[in-house]
Structures are given as structure tokens and as C-alpha cells.
Amino acid sequence: MPDLPKAYTPHDVEGAIYERWLAADVFAPDGAGSTADPSLPPFTIVQPPPNITGSLHLGHAQRTAVEDLMIRHARMLGHRALFLPGLDHASIAAQFVLDGILDKEGESRQSLGRERYLERMREFVATTREVMLAQQRRVGASADWGRLRYTMDDRSAKAVRTAFERLYRADLAYRTKALVNWCPGCRTSVSDLEVISTPETGTLWSVRYHLIDPASGQPDPDETITVATTRPETILGDTAVAVHPDNPRYTALVARMVRIPFVDRDVPIIADTIVDPAFGTGAVKITPAHDYDDHATGLRHDLPAPTVLADDATVADTGTRYDGMDRYVARTAILADLEARGDLVAATPHEMVVGRCQRSNDVIEPRLKTQWFIRTGPLAERALDATRSGRTRILPERFEKTWEHWLDDIRDWNVSRQLWWGHRIPAWYCPDGHVTVTSAETGPDACSVCGRPATELRQDPDIFDTWFSSGLWPLSTLGWPDDIDDYRTYYPTSVMETGYDIIFFWVARMMMLGLELTGTEPFHTVYLSGLIRDPLGQKMSKTKGNVVDPLGVIDESGADALRFALIHGATPGNDQRFGPAKLEHARNFANKLWNATRYVAGARPVTVPDGAGRRIPDARHLGPGDRWLVSRAAATTAAVDAALAGFAFGEVTRLLYEAIWNEYCDWGLELAKVRLADPNLDVAAGEATWWTLTEVLDTYLRLLHPVMPFVTEALWAALPHRASDPELLIVARWPGAGERDAAAERDVGALIDLVTGIRNARASAKLPAADWLETLVYVPLALGPTFEALRPAIERLARARPLHRELTPEALEAATRQGDLAVIVVAGDVEAAVRPIAAHAGVEALERERLERDLTEAEGWLAAARERLANESFVSRAPAAVVDGARAREAELVDQVARLRDRLER
RNA sequence: GGGCGGUUAGCUCAGCUGGUCAGAGCGCCUCGCUUACACCGAGGAAGUCACAGGUUCGAACCCUGUACCGCCCACCA
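Quick note, in the numbering used here, the first sequence goes up one by one and the last residue is 909.
It is possible that some hints are incorrect.
DSS-like, lysine-lysine: derived pairs with alpha carbons at most 25 Å apart [to be verified]: (1) K585 x K542; (2) K595 x K547; (3) K545 x K585; (4) K9 x K676; (5) K547 x K107; (6) K9 x K180; (7) K545 x K107; (8) K585 x K595; (9) K676 x K595.
FYI, nobody ran anything at the bench for these hints, they're computed from the structure.
As the structure is a prediction and not an experimental result, all values here were calculated from the model.
Using the sequences and the hints given, assemble the complete structure.
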């Protein structure tokens with residue numbers, strides 16, 4: 004057995020342990036060190052791949068901790084547990100980072116050009132990749148690194164091409180000219196999800212348009228219609244003015260023409276119910292190329308849709324002097340010119356919602372573009388069916404409502420991005436405009452429509468939205484579209500763990516694509532984690548400077564403490580605050596466990612040889628404390644199993660903390676210490692007690708391993724193992740729930756209460772902690788054997804010696820009076836009297852006070868219990884078990900009150 | 001405009017299907033003999049479970065409403 008160092012230094016423990024795991028090849032379900040049982044179903048977690056250019060933050064650490072917890076548990080249960088790690092190329096986010104770096108070097112995307120830029124990106128991610136992976140290992144991820152995948156590797160590329168081709172053939176991917184969310188800052192379109200609705204106070208301008216005099220064909224200086232707009236620059240793209248058909252104010256004007264200022268275009272006044280007669284002036288200018296509502300209106304009325312903004316959001320192609328101006332410069336100029344013409348009627352402050360780009364924060368401009376879309380309607384139907392039928396479960400359940408709501412009125416997904424870093428869309432166009440889509444790595448041989456040779460075809464310059472490749476993750480990582488072993492064995496996956504903030508971005512897309520492409524839900528359970536916040540509840544962000552670096556935490560307190568702290572507060576879907584206090588709590592716990600194990604390892608009886616194989620303690624030689632400990636471990640194991648089954652990971656840590664600290668250490672070890680120190684104890688009994696400590700500690704180390712893998716692995720190595728055990732705890736078997744011993748739990752529990760009662764009395768009577776107190780105790784006959792067996796421990800732990808035992812309460816009372824003992828302890832059935840030292844004056848008064856307090860309290864409880872039982876409807880309507888319990892409680896209280904009164908009367 | 005969460009001891013939070021459920025950790029106060037642990041041990045104080053109604057024999061827990069705090073979704077110019 005290796006000796007444990009006296010001090011717990013996580014840093015020394017963790018690195019070495021991880022190396023041992025790697026060397027033993029235990030992470031892969033089919034690794035050389037795996038102990039998986041192939042007859043059990045596999046268990047798969049596909050990790051949300053972190054962005055390759057990022058660095059690990061606490062959120063990642065928590066994800067990893069939770070995923071690793073599930074995987075380690077499954078592995079110990081004997082499942083082929085596959086934790087498949089990965090990295091995401093994070094197209095737009097990565098370009099953002101690289102562009103920033105290039106900017107400092109005086110270079111830019113444009114100056115490098117597509118090929119050199121991509122080359123530069125590949126060099127960049129080659130370095131960040133290693134950083135990301137090293138960080139995951141520090142957290143202790145028992146991921147199968149041999150299966151590491153990357154959203155830009157060749158196999159992902161094949162999956163992307165294949166998926167797209169299939170969607171295209173199924174008419175679920177289509178190319179069309181439509182309004183897209185254009186981000187001028189990023190120079191690309193973005194999906195609806197990437198547009199952040201931001202409430203802002205803008206201005207609503209009222210502008211007068213002049214009607215055309217039918218006689219002259221010229222604008223009438225006096226006959227006008229006033230429209231309201233928040234974006235005057237879009238006037239240049241107006242192709243109609245709309246009014247509500249039933250608005251009497253305007254019915255006469257419908258079908259008349261108005262002249263759009265500056266562009267001098269004459270456009271019709273149309274009637275459309277989309278217009279709210281009560282808003283503004285009741286007349287709306289229609290700009291089909293730059294507004295979603297207007298575009299729809301334009302289609303209904305067959306209006307032209309001139310685009311008036313270029314990619315960089317400057318005014319373009321209007322033939323006016325505003326061409327070339329930035330959109331906001333143009334806005335100012337147009338307002339000034341309208342003012343000069345006398346056609347600017349009003350300007351009022353206006354609360355509105357502006358769409359901004361999630362990445363650049365620039366104001367999004369809707370623009371008409373010919374791009375690729377995914378038809379989400381049919382896909383969303385199937386995704387909804389998956390959750391409604393229960394084939395996929397979302398945790399916490401309340402997110403199913405959000406899920407339903409979003410999928411219910413989902414819009415088609417624009418997947419074209421005018422970026423460079425990502426998967427190029429596998430679509431080729433021939434000069435005649437025919438479209439050829441192919442998943443072939445080398446592209447098409449010829450136009451699929453007219454047969455023109457490949458040399459005349461041009462590939463779409465755009466790339467896919469990064470979430471398109473992420474959406475294929477559970478499939479692509481397992482080898483889809485090829486029919487390989489991993490895909491057959493591990494798909495569909497078991498649990499999808501991720502943050503609730505990407506439920507739409509990622510989870511919904513994986514579900515839609517997975518169902519469409521494989522016909523099967525990609526996972527059974529979606530476990531949504533909450534966000535990690537700082538101690539003040541603020542979201543962690545670099546700009547606020549409140550970001551905690553997990554590596555710093557690990558250096559200081561250890562990965563085990565970090566994991567424990569993160570898991571301790573984790574409830575699915577709920578955010579948690581994280582700070583030094585929680586970490587300290589966790590580290591103290593690790594330290595406690597370390598020292599407890601050190602004690603056990605060091606307490607090995609001399610009769611047990613070092614390196615002896617594990618023996619099951621002989622039941623005949625067990626003491627009550629031993630039986631109690633074994634029973635409590637059984638209870639804890641069952642409770643932990645239940646918590647794990649319910650994904651209540653915070654509950655798991657709570658249970659184990661409590662069991663290990665407050666039961667095993669506080670009582671189990673203390674009772675055992677006294678027993679082992681007894682010179683009269685026979686060898687077999689001593690060995691049985693030590694083997695019990697070992698057995699129970701072994702159980703707790705196993706139960707705790709998924710949460711704190713490093714320290715448990717290190718400590719486990721210091722304990723004797725069973726013949727059936729493997730070398731390493733990580734691949735050892737999960738404990739079975741043993742049998743409870745109700746008698747031991749009840750009896751030892753009563754005596755623990757007695758010790759606590761005496762300690763309590765000592766403190767409240769202000770008796771010196773160091774003094775040994777002569778004590779008389781009444782113990783009911785049934786408790787006798789347990790009491791006698793534990794007598795030395797009770798004496799020592801309560802510091803009560805000599806400890807005389809009386810067989811009846813009356814005898815205790817008599818002896819108390821005779822011996823002038825004063826401090827009374829009532830603990831359940833057990834009763835005790837303690838002799839105060841004469842030198843401590845005032846003890847009697849203090850004791851009286853304490854007894855009175857106890858009495859008042861007991862009487863209160865009794866009154867409550869009686870009131871309840873006096874209630875006829877309670878007795879008749881409540882379940883029998885509850886009523887019986889109440890009766891028993893009443894009897895107990897009656898007895899207690901009587902005894903307390905008795906004491907006080909003397 | 002819709003929807004969802006939260007409100008429990010000074011602080012951070014548990015409390016699963018209503019019946020010792022009023023708890024834990026930290027902090028605070030008192031004490032500390034005892035070689036596993038001072039990253040410790042023993043003891044203690046501390047809460048009208050946001051508020052108002054209701055259902056029930058019984059409510060922190062279920063229902064209705066209110067008030068704050070937070071989040072998500074949303075194409076009214």
C-alpha cells in the first residue's frame with residue numbers, strides 16, 4: 004500500500020493520476036483498460052464542442068464536470084461509456100478573433116485574400132486547439148481522446164456535404180431571393196437567432212408625400228398624404244404607400260399615385276389590412292427590399308423591390324446625391340432636405356425595438372439576397388413529436404414549453420454566410436443559372452441540368468452557418484454518413500448536456516437534422532445546465548472583469564474541489580453563483596476525506612499484513628458501531644442512486660458530504676477509535692472493525708469518484724482491494740446497495756443522541772470542557788447490550804466517567820438525589836444525570852433554566868400534537884400511518900414532559 | 001405584447017410526488033482535553049418560508065391575485 008502524504012496537495016495528486024488513467028487506457032469504452040460489460044447497453048455523451056479559439060471558462064468547467072460525472076458513473080456501472088470530445092471551428096466567432104489579431108498587425112481579411120486568410124486561420128487554430136484540450140484534461144474529463152473530433156475535419160466535411168445534398172433532394176434546402184438579416188459590420192447575413200432585439204428610443208418622423216394630379220401627371224403641392232417612418236433613408240426604396248381598406252380617411256385615395264421624393268418615383272396608394280389605422284397617421288410607406296412587413300406587402304401587391312443599401316450599409320444605386328453616403332449620414336441629409344422642402348411634418352420620440360447583431364452589435368439591415376435556406380417546417384414537426392411522445396426528454400421539464408413555442412412558429416433557416424472560415428456550400432452554378440448540388444468531395448463533373456462541364460461551373464462562394472455543422476455533431480462524430488461500428492453502436496446517444504442558452508441554436512437543430520437524416524432522435528435526454536454567475540449574481544464577462552479562470556482555481560484548490568463546488572450547486576436549468584466560499588467548502592471536504600483515509604490506512608491492526616487482500620468483515624465480530632456504519636452506507640448508496648437517476652447531481656454531493664463528514668467521520672471513526680483502543684478487545688473483533696471502516700470508506704470513495712475523481716483515485720490506492728477489483732478506481736464497479744440494519748440504526752442513533760445530550764448539558768451548564776463528569780444513566784433494557792458495547796465510547800465522547808447505569812428511571816432518580824447530581828439530560832428513551840463539580844457555583848440555576856427551556860419546548864410540541872389528534876377530521880381522514888405516527892409522537896412527548904416536570908419539581 | 005423562473009436564517013442556497021420540513025454551508029457567539037484532519041473538534045443564537053386570499057383534516061409545497069428581481073421570445077411603420 005502506498006503511504007499517503009500527511010498533507011493533501013491536490014496539485015501533486017492530480018497530474019500523476021491523469022497520466023495513470025491515460026497509460027491504462029481506461030477512457031475509451033473499448034480501451035485496453037476498460038472493464039465494460041458488453042452485454043449492457045452503451046452510454047454515450049457527446050460533448051458540446053467548445054469554440055476552438057476560446058479559452059476555458061467556468062461554464063465549460065461545469066459542463067465538463069457534469070458530463071464527466073455521468074460518464075464515470077455509467078462506466079462504473081459497467082456500460083460501454085463513450086465520452087466523445089470535440090472542438091468547434093466557430094466560423095464567425097473565430098473570424099472575429101482572428102480579424103482582431105490581424106488588425107493589430109496592420110493586416111485585414113481583405114489585404115490577405117481568401118486563401119491566405121484561411122491559411123492563417125488554420126495556423127492560428129492549430130495552437131489554440133492544444134490549449135483547449137489541455138484545459139479539459141486539467142478538469143479531469145475522462146473523454147476518449149482517440150475519438151476526438153473537430154467540426155472542420157474531413158469527416159465533418161463529408162457529413163456536411165452529405166446532409167446538405169440529402170436536404171436538397173428532399174426539397175428541404177432551397178435557394179431563393181429573400182430578405183435576410185444583413186450585418187454591415189460582419190458583412191454577412193445572420194440567422195434570426197443571431198439578431199438581438201434591443202429596445203431603444205428612436206424618432207418617428209412624419210413625412211408628407213405629394214399626390215399626383217391625374218390631370219397634369221405632376222405632384223400636387225397641396226394634396227398630400229403623410230406617412231410615418233423611423234428610417235427615413237428607406238424612402239429611397241419606397242414603392243407604395245399603404246392604408247387600411249376600411250379607413251374612411253383614405254378610401255378615396257386608394258389607387259391614386261404619390262411621388263416619392265428625391266428618386267421621383269410615382270407609386271400607388273394601396274389598401275392592405277396590415278396597416279393599423281390607429282398608429283401614426285394611418286398611412287405607411289412600403290419599402291419591400293428593406294423591411295419584413297413591407298416585403299410581404301410587396302409580394303401581395305406585386306410591387307417592385309429596389310435595393311438601396313450596399314453591403315457596407317451605404318446608400319447605393321438610387322441615382323441620388325445620397326449614393327455613397329453611410330445610412331445614417333444619408334438619414335440626416337434626407338431629413339434636412341425634407342425639412343427644406345417643407346415636407347417634414349413632425350418628429351416625435353418613439354420607443355422601438357432595434358435588431359442588433361449578436362456578434363458585432365451593429366444594427367441589422369434586412370436586405371434582399373439570393374441565399375440558401377433550410378425549410379424548417381417539416382423538420383420542426385418531427386422535433387416536436389420527439390418531445391411530445393417522450394422519446395426525448397428535456398430537463399428541466401419547463402423548458403419543453405419554450406421548446407414548443409419556438410418550434411411552433413419557426414421560420415426558415417438562412418444558412419448562407421458570406422464568410423470564409425467554414426464549410427463551403429457544395430452548390431455549383433452554370434452560366435445558365437442551373438444549380439448542381441453534390442456531396443462528392445471533388446465537386447460535380449458537370450451541370451446536373453444541362454451537362455456543361457465542371458470547368459464552366461462556379462461554386463457558391465458562401466459558407467454554411469457554423470451551427471449547420473454543429474447541428475450534425477451527434478451524427479458526424481460517430482461516423483455518419485458511413486455505416487461504421489461507432490455509429491451503429493453509439494447512436495443515438497444517451498444524454499445531451501449543454502447550457503440552456505443554446506437550446507435553439509444547437510439542441511433544436513441537432514434534433515431536426517438528426518431526425519431527418521437518420522430517422523432517429525439523436526439523444527434520449529437533454530440535460531440543460533444553468534449559467535455560472537459571480538458571487539453578486541452578475542453574468543461573468545471579460546468586460547466586467549469578473550471572469551474566474553478555472554485553471555487558476557485548479558492550481559490553487561484542485562480540480563476535485565472545483566468540480567465538487569460546481570456540481571454542489573447545480574440544479575438543471577438554474578443559474579448558480581460561484582465564489583471563493585463555495586470553493587473553500589469543497590476543498591475542506593477533500594481535505595477531510597484525505598485525512599479520514601489517512602487515519603484508516605494508518606489504523607490497520609498489526610495482525611493484518613500490509614498488502615493483504617480485502618476481507619469482508621466477519622459479521623459475528625461486528626460491534627454496534629460497525630453495524631450502524633454499514634447500514635448508513637447502505638442508506639447513502641440507495642439515496643445516491645436515486646439522486647443520480649433523477650439527474651439531481653447537487654443532491655448527490657449533499658448526500659455524500661453529509662454521510663462522509665457527519666456520519667463516517669464524526670461518529671463512525673470516533674466510535675471505532677475507542678473500540679480499537681480497547682486493550683481487552685479480541686483480535687477478531689478489532690480486525691472486523693477495521694475491515695468495516697475500510698469497506699465503508701471504499702464504498703464512499705466509489706460513490707464520490709464521479710464527482711471528485713482524482714482524490715478518490717489516490718485514496719483508493721491506499722486501501723486494500725478485493726480480488727475482483729481492477730487496478731484503478733475509475734474502472735472499478737459501482738457499489739450495490741447493501742441491506743439496512745434498522746435495529747443498529749435505531750439503537751446507535753439513540754446513544755449518539757445521549758452523547759450529544761450530555762455535551763449539550765455540559766455546555767449550557769458552563770461546565771469546563773476538559774472535566775470528566777460523573778454520570779448516571781438510565782437505559783431501557785432493550786438498549787442494554789448496545790449500550791454496554793459502546794460504553795467506553797460513550798464515556799470518552801461525552802467525557803462522562805465514571806458512567807453508572809441504572810435499570811429504571813426510578814433508580815436513576817433515587818441515585819441522583821442521593822448522589823447530589825444535578826444536570827439532567829433527557830434524550831428520547833434515555834435519561835442521564837451529571838454531577839457538576841462543586842467548585843462551579845451557579846450550576847444549579849443554569850441547569851434549572853435549561854430544564855425549563857426544554858420543558859416549555861416539549862410542552863409546545865405536545866400541545867400541537869394533541870391539537871392535531873383532537874381534530875376529528877384529522878383522525879378520520881388522514882392516512883392511518885400518519886395518524887399512528889402522530890399518536891406515537893404524542894406518547895413520546897407525554898413521557899418527556901412528565902420526566903422534565905418531575906426533575907424540576909425537586 | 002406573450003412566456004418562464006426566483007422571492008426560505010446576516011450571505012449563498014437545499015427542501016423530490018402537501019403529513020417532525022422549518023434545513024445545510026459560510027458568517028457570527030462560547031468553548032477546546034483528545035496525534036486522521038485547526039482546511040479541525042464540541043456547543044449555541046438566528047427565519048410570520050415576499051404579500052393577500054382560497055383549497056385541504058393538514059400548505060414553504062396546490063390554486064387565484066399582487067409586489068419586487070431576473071431571463072427568454074416578439075416584423076407594428
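Margin query: Hints numbered earlier in the text: which of these fail when held up against the supplied structure?
Written below: 2 and 6
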